[in-house]
Structure formats: C-alpha cells, structure tokens
Amino acid sequence: MSERAAPLVVGAGPAGMRAAQALVEAGLRPLVVDEAQASGGQIYRQPPQGDDRSADALYGSEAAKAVRLHRGFAALADRLDYWPRALLWNLRDGVADIAVGGGNRRVAYDGLILATGATDRVLPVPGWTLPGVFTLGGTQIALKAQGCAIGRRVVFIGCGPLLYLVAWQYLKAGVAVAAVLDTAPLARKLHLLRGMPLAPAIVLRGLRMAAELQLRGTAIHHGVTDIRIEGRTRVERIVWRQRGRDKSLACDGIGYGLGLRPETQLADLAGCAFRFDRRDRAWLPERDVSGRSSVPGIYLAGDGARIAGADAAERAGERAALALLEDRGLPYAASRVAALERDLARSDRVRDVLDAAFPYPAHWSRQIADDTLLCRCEEVSAGEARRAIAEFSLTELNRLKAISRIGMGRCQGRVCGAAAAELLARETAQDIAAVGRLRTQAPVKPIPFTLTTSNEPHEPRHAPAH
Amino acid sequence: MRRRIDCDVAIVGGGLVGSSAALALRGMGLTVTLLDKGFCGAQASGVNYGGVRRQGRPPEQLPLSQRAHAIWPRLKALIGHDGEFLRSGHLKLARSEADMASLEAYAIRVVGFGLGLELIGHNEARQRFGLAGDIVGASFCPGDGQANPRLVASAFAAAARRAGAEVLETAPVTGIVRRGEGFVLEAQGGIELTARSVVNSAGAWADQFAQAFGEPVPLMRTYPSMVVTEPLDPFLAVNIGMEGGGIYARQVARGNCVVGGERGLPLPDPDFSRPRGEGALAIMQRAAGLFDGLRHAHAIRFWSGTEATMPDGNPVIGPSSTTPGLVHAFGFSGAGFQIAPGVGEVLAELVRDGRTTTPIDAFSINRFNPVSSAAGDSR
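Protein chains in written order, with this note's numbering: chain A, 1 to 466; chain B, 1 to 379.
Any given hint might turn out to be false.
Now the in silico label distances, taken between C-beta atoms and shown as ranges [unchecked claim]: (1) B:A237 - A:S54: 53 to 63 Å; (2) B:P58 - A:Q367: 49 to 59 Å; (3) B:E230 - A:V95: 21 to 31 Å; (4) A:R243 - B:A77: 52 to 62 Å.
Part of the chain B face toward chain A, derived, beta carbon under 10 Å [to be verified]: (5) A155; (6) T229; (7) E278; (8) A288; (9) R295.
Which stretches of chain B does chain A cover? Using the computed rule of at least three CB atoms under 8 Å from a CB of chain A, they are [to be verified]: (10) 143 to 154; (11) 265 to 275; (12) 301 to 309.
Source of the hints: derived by calculation from the structure; they are not laboratory data. Model, not experiment: these values are computed from the prediction. Glycine residues also receive a C-beta, built at the ideal position from the N, C-alpha and C atoms.
Let the sequences and hints guide you as you build the complete structure.
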C-alpha cells in the first residue's frame with residue numbers, strides 16, 4: 001500500500017455504502033463517517049436496537065435492496081474504518097474535523113466522497129411549528145427507527161413520491177391515515193404515463209399505493225392550496241382550499257414535505273463550485289457524470305448532490321468511487337462505468353417525470369402570511385423578513401440573513417433557507433437564482449463547547465469505542 | 001447602460017465609516033454618492049465582534065472615541081434603529097499580576113479622559129460578574145458596551161439613503177483620477193461620477209485607492225474568528241475582554257453568547273474567510289474554562305470577515321498628503337466599530353471645512369510616507 005492517506009467517505013446511506021464497497025474492493029481502506037448510529041441512510045435506516053420487525057415490515061418493497069446493502073456493508077467491517085455517530089463539522093485543505101465519541105478527531109484524507117443525503121424541503125404554512133407536525137422524513141423515521149407513529153389519526157400533506165410512500169407505510173403499520181393532501185393538481189399525474197416505459201416498477205408501485213390507500217378509506221385530495229394547521233397547544237385540525245371551497249379535517253399528526261433538498265454544506269466548505277439547478281430549484285455543487293466536483297479529489301454522490309433517489313444513489317456512489325480510483329492511478333472496474341452511467345442517465349429521466357408529476361409549489365411564497373414564522377430557530381416571521389427587505393433595500397440572501405437573523409440559528413438555514421430565498425425573490429421581483437445562496441460556515445451542525453481536541457492531524461486506524 | 005452622476009462628495013466604501021460620513025455630509029446639505037463594491041456594512045463593519053469599547057484604546061484614540069461615545073446612545077434618533085446598543089460595561093480581565101499591573105498603569109495613563117475605570121480584585125470579579133477560572137483582577141469601564149454589528153452599518157447606510165444620499169451597491173470603483181477642481185470616478189455598471197471631494201473609506205480595499213494617489217500604505221488583512229452559542233439563560237451581563245488579548249465574549253439579549261479570539265484564514269478568494277477549526281475549538285475551551293455557563297453550551301455557528309490592519313494598530317484618518325479634496329479613513333485594525341460613528345462626523349468636517357475639532361494628527365497617512373512623493377516605494 002502507498003503512504004497516501006485513506007479516502008474519506010461521508011455518509012453511510014446507499015451512495016456512501018456503495019462508494020465504500022467499491023474502494024474496498026480495489027484494495028483501499030476508506031474511513032466512512034456517518035451521523036446515524038447505524039448504516040443505511042434515511043431510506044434504509046436500521047432501528048437503534050433490533051426489534052421483531054422483519055425487513056419486509058421495515059422496508060416494504062425495498063426490503064431486498066435494503067438487506068443486500070446492509071449485508072454487503074457489514075461484510076466489509078474488517079476492511080474499512082467506520083465511525084457511526086460521527087459529525088464531520090468542518091473541512092479545510094484536506095483535513096476534516098470530526099466530532100465523535102465526545103472528542104474531536106482531525107483527519108487528513110486523500111480523496112473525499114461526499115454522500116451527505118437530503119432532508120425535507122418545506123415552505124412555512126400557518127401552524128407548521130405546532131407540536132404534532134413532522135416532516136415526511138421525520139414521520140418515516142419515527143416509524144422505521146422507533147416503531148411508533150406521530151399520531152393516531154394522521155394527515156399527509158405535500159408533494160413528491162415520499163408523500164404517498166410514507167402514507168402507505170403508516171397505513172400498513174395500522175395507523176389511521178385520514179387523508180393525503182397533494183399540492184399538485186390531479187392532471188399533473190398524467191406525466192406518470194411518460195414514466196411508464198422508463199420505470200414501470202416505480203410508477204406501478206406508486207399507483208398501487210394510492211389505490212390501496214383509497215381502498216382502505218384514505219381520502220386523496222389533489223390541487224390543495226391555502227393550507228392552515230390549527231390547534232391550541234398541538235395539532236387538532238387541518239384546513240385547506242380545493243376548487244374554491246374550504247375544507248377541514250380533524251387529526252392529531254401531520255406529515256408534511258414538499259420534496260427533498262440536498263445537504264450541500266460540506267461541498268461548500270470543501271470549496272466546490274456551485275450552480276443553480278432548475279429541477280431541484282436550489283444551488284448545487286457542480287459535478288460531471290462521474291461525480292467529480294470542481295475540486296480535484298472531491299467527489300459527489302447521491303441525493304446530497306442532486307435529488308435522484310436511492311437506486312441512483314447506489315450507482316452514483318459506486319461511480320464516484322471508480323473516479324477516485326482512476327484519479328489515484330489504481331486499477332478499477334472500467335467495464336462498470338458505462339453501465340453505471342447508463343443507469344444514472346435513465347434515473348435522471350425518471351426524475352424529470354417525477355418532478356413534472358409532483359411539482360414543488362414555489363408560488364406559495366406569495367401567500368406566506370406576515371405572522372407566519374419563516375425561521376423557527378430564530379423565530380423570525382415572514383412579516384419581519386419583508387420589513388427588513390424593504391427597510392434595508394435588501395436583494396441578496398446573505399444580507400437578509402445578516403439583517404433579519406433568518407438562517408442564523410441551530411439549523412443554519414437548512415430548514416428555512418429555501419423559503420427565505422423564495423420570499424426574497426418574490427419581494428424583489430428577482431429570479432430565484434439571482435438572490436444568491438447562503439454561504440456555509442462551520443460548524444455545519446451544533447458542536448459542544450467542550451469538544452476535546454487532538455493537536456495533530458492523524459490517519460484513522462480503528463473506530464473509537466463508544 | 002451608462003449613468004452619469006455629479007455630486008459634492010463621492011465616498012468609496014459603504015462600511016460604518018463611509019455610511020456615517022454620508023449621513024453627516026447629508027446633514028450639512030452636501031450631495032453625496034456612496035459606492036460599495038458589494039453591500040453596505042457587509043465587510044469588517046458587519047462582521048466584527050460588536051464591542052463598543054473605549055477601554056484599552058491608546059490615549060491618542062480617546063478624544064475620537066469619546067466623540068463616538070456620545071453618538072451611540074442616540075442611534076435610534078439618528079438612524080431610526082438602536083443597533084441593539086447596550087451600555088453593559090466592559091470588563092477587562094487580568095490573568096496574571098503582570099497583566100493586572102498593566103491594567104493599573106493604563107488606568108493611570110488615561111485618567112484625564114473620563115472613562116471612569118474601576119480596578120477590581122479577584123473576589124469582586126468573581127462575585128459581581130460570575131466569573132470562574134483563574135483571574136487575578138479586572139478593570140471595569142461602566143460606560144462601554146456592545147451592539148449588533150450586522151445592523152449598525154447597514155442602518156447608517158439606509159439612513160443616509162433616506163436622507164438623500166445616492167447609495168450604489170455592487171458598484172466597485174474601477175477608476176479614480178483627480179481632474180480639474182475635483183475627481184472623476186468610474187464604477188462597475190457603467191457609472192461615471194464627478195465629485196468635488198472623495199472619501200476613501202474602502203477598508204481592506206483602501207490601499208489600492210491610496211496607492212493610486214501616490215500614498216502607499218502597509219495595510220494588512222486580518223480575519224477575526226467568532227463562535228456563537230445557541231441561546232442560553234443570561235449569565236454574562238458585561239462585555240468581556242482580556243488584557244493581552246486571547247479571548248473576548250458577550251451575551252446578547254436573545255441569549256446567544258458571542259466568543260471571539262484567534263484568527264480566521266482567507267479562502268482562495270481572499271475577500272472571504274473562515275475561522276480555523278482548531279482555533280475555534282481552542283477559544284471554546286478557553287471560554288468554557290472562564291464561564292460555567294458555557295460548559296454545556298453548543299456552538300451553532302462561526303463567522304469571520306476581512307479587516308484592515310495597520311502595523312501600529314492605529315487607523316489612517318485625515319486628508320491626503322498628495323491630493324487636495326481626498327480624505328482617507330481606513331485601517332482600523334480590528335477596533336473600528338466603536339469609533340466609526342465619530343469618524344464619520346470628523347470626515348464630514350474635513351470635507352466641508354478642511355479641518356476638524358477632534359485631534360487626529362496621530363492618524364496621518366504621512367506617518368508611513370514622510371516624503372509624500374514616495375509613490376514608487378515598494379511595500
């Protein structure tokens with residue numbers, strides 16, 4: 001083996017696991033760091049302790065993939081270093097700061113694969129911060145990891161395939177799913193017909209889920225607008241408009257999400273160039289088909305780079321690892337490259353279809369009421385943001401942050417940033433791309449003041465004991 | 001698309017110095033154009049620690065500092081925003097007997113300036129201000145305080161705009177020459193500007209404009225490094241500094257604690273910077289040793305920025321030594337926030353009257369270039 005430092009893989013979801021596997025197969029010993037306590041990412045998340053639920057119960061139609069990935073990654077245990085419950089909070093000049101086991105480890109790496117995944121995208125609606133309102137991802141985690149539901153009578157709101165998937169999973173788990181409120185008009189679902197020849201399994205699965213939901217008494221409403229979540233101390237009711245009429249429904253739990261947003265902070269800290277992506281309606285790190293970023297030695301894979309789903313993430317993870325091997329002058333499975341890239345191109349076309357069928361209601365930013373909280377960490381309302389924009393003649397997102405505190409809190413704009421950009425663009429009559437993007441600073445997530453340091457960067461050899 | 005502007009005064013740099021000068025000049029009835037290469041208050045004025053502090057300044061800065069001291073409590077009336085200014089007092093800690101002796105010597109040296117310093121011992125520092133850690137004593141300046149840097153400069157610029165100043169953002173000045181009785185400036189976006197006077201308040205970018213008029217200055221860039229906690233229960237009522245440097249801390253009304261110290265590093269584009277990870281961790285550990293209230297805190301964000309620093313720690317303030325009508329004000333060396341509103345008034349007097357009532361001789365640009373024609377000198 002060379003004297004070079006080990007490659008670092010950030011994230012142990014489908015992209016990170018596949019990347020690590022390909023590196024190991026080529027004889028490297030990567031370090032894999034992941035915030036979760038077990039591998040799998042969000043989609044293949046494992047319960048904190050084994051319970052009596054089968055893979056079928058946990059992962060449904062994706063059980064076979066989940067089992068294959070988990071077994072494959074577990075089989076690598078001796079040939080890589082894997083740090084779960086590890087937060088990579090700072091990156092600079094080939095050295096990563098990683099909070100793990102109560103201490104800070106400074107790790108020099110040679111080759112970095114960022115497979116940082118995605119979180120829910122939301123726009124504020126009245127009542128969105130009431131207890132009982134969860135993101136779709138959080139709603140799914142409660143079920144998958146903790147084996148519990150967010151309520152006894154749950155309503156799902158939003159857009160995207162995840163809306164129907166999580167509703168269906170709740171139904172299967174025996175929870176009363178009162179309704180699915182889809183923000184897109186029903187006519188948009190006609191786009192799915194285009195998806196049939198591309199990805200028949202995905203489309204049919206989605207249609208089956210919708211059919212099963214309706215058969216079991218879950219109402220599905222399309223073209224829903226003016227959503228308002230009501231309740232005194234927690235969720236009691238959901239109110240919306242549909243075809244010009246007001247409707248409401250009693251519920252005690254709400255899963256809400258408007259698609260996904262990539263987690264790009266580490267790519268930003270790593271110095272990657274960004275471009276505005278119309279499909280994800282977000283600034284994303286630039287990458288080529290292999291996953292190479294604008295910075296040599298840094299590779300991007302999975303939903304953290306651009307939303308494409310779990311299957312594409314697996315392939316992008318492997319593809320990025322092959323690029324790393326090639327750039328390092330190591331032998332790699334060149335024969336895999338064409339197949340992976342072909343699959344990725346197909347996933348990309350599927351994503352275009354899904355995006356057309358489940359459009360993000362960006363126009364909602366027009367109707368965010370002044371008294372609705374925009375930034376929940378810093379408790380900044382939409383009205384306060386609008387006043388700051390007017391009073392200080394603001395046109396740029398980082399200036400809006402500086403003046404109004406939006407995005408300055410614990411989440412650092414990961415939750416409210418997209419909404420703040422929409423609002424600023426709307427108020428100043430600019431294109432969404434013209435308002436800029438929030439500059440990332442470490443730490444990407446909160447770190448304790450008493451994190452103990454080790455002075456010298458070092459190469460990891462063994463996972464620290466927990 | 002070209003745009004021609006004619007005005008009495010062009011101000012290059014919309015930080016707190018330039019913005020407050022713009023407002024003061026409008027108050028005198030002069031026409032003003034304020035140009036910033038980015039956004040007003042987005043550089044050193046907006047990313048500093050937020051200490052509003054006279055204590056610790058060299059005596060030659062204190063007349064100017066006292067002038068500014070009178071402005072801070074009037075911000076609401078002056079610019080329509082209080083800037084979250086809080087007269088909390090500033091407590092400067094001594095870690096050793098030598099540091100305490102140094103604080104005592106300072107108190108004697110500045111006794112005539114009316115800072116009202118109180119020297120206090122170890123026990124009182126602990127009891128009165130809730131400090132933990134090894135502190136020998138401290139010097140307290142009750143009239144000093146703190147404010148929100150993100151708001152103050154931007155609010156000055158907004159006030160100047162309301163008062164009739166032309167404020168042009170994302171308009172970097174690409175050319176500036178003396179012509180006839182005044183100056184001709186070109187700025188990005190097709191802006192051509194003529195002005196009788198020019199104020200160079202371009203912060204870390206001011207050296208290029210001084211150089212253009214044959215006044216090279218040894219300006220260096222430094223990058224502050226700040227750590228901010230999540231909101232915490234109130235435990236720190238005063239603005240904290242340390243004799244000899246190393247750490248400073250304050251807690252804002254919302255509960256967040258801002259802890260500074262160490263230096264950040266520039267990015268490949270040196271107009272941007274970030275704190276160093278190990279530097280921030282060191283500061284966090286030092287702070288947790290000093291305040292029990294921080295032992296279980298989390299850092300939620302860091303920030304940095306670009307500051308202009310002079311070798312002697314004093315700014316450049318005053319008329320150009322080569323070019324009539326040109327006035328400089330830059331290089332505040334990480335300590336410009338408190339005095340900047342006073343500097344704005346001084347600059348307005350210099351532009352209108354050619355002189356000011358506040359002593360500023362120590363800040364002359366001549367101190368670096370005794371022979372004012374040394375334009376060709378290398379730095």
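**Prompt:** Going back to the hint list, which numbers does this structure go against?
**Reply:** none
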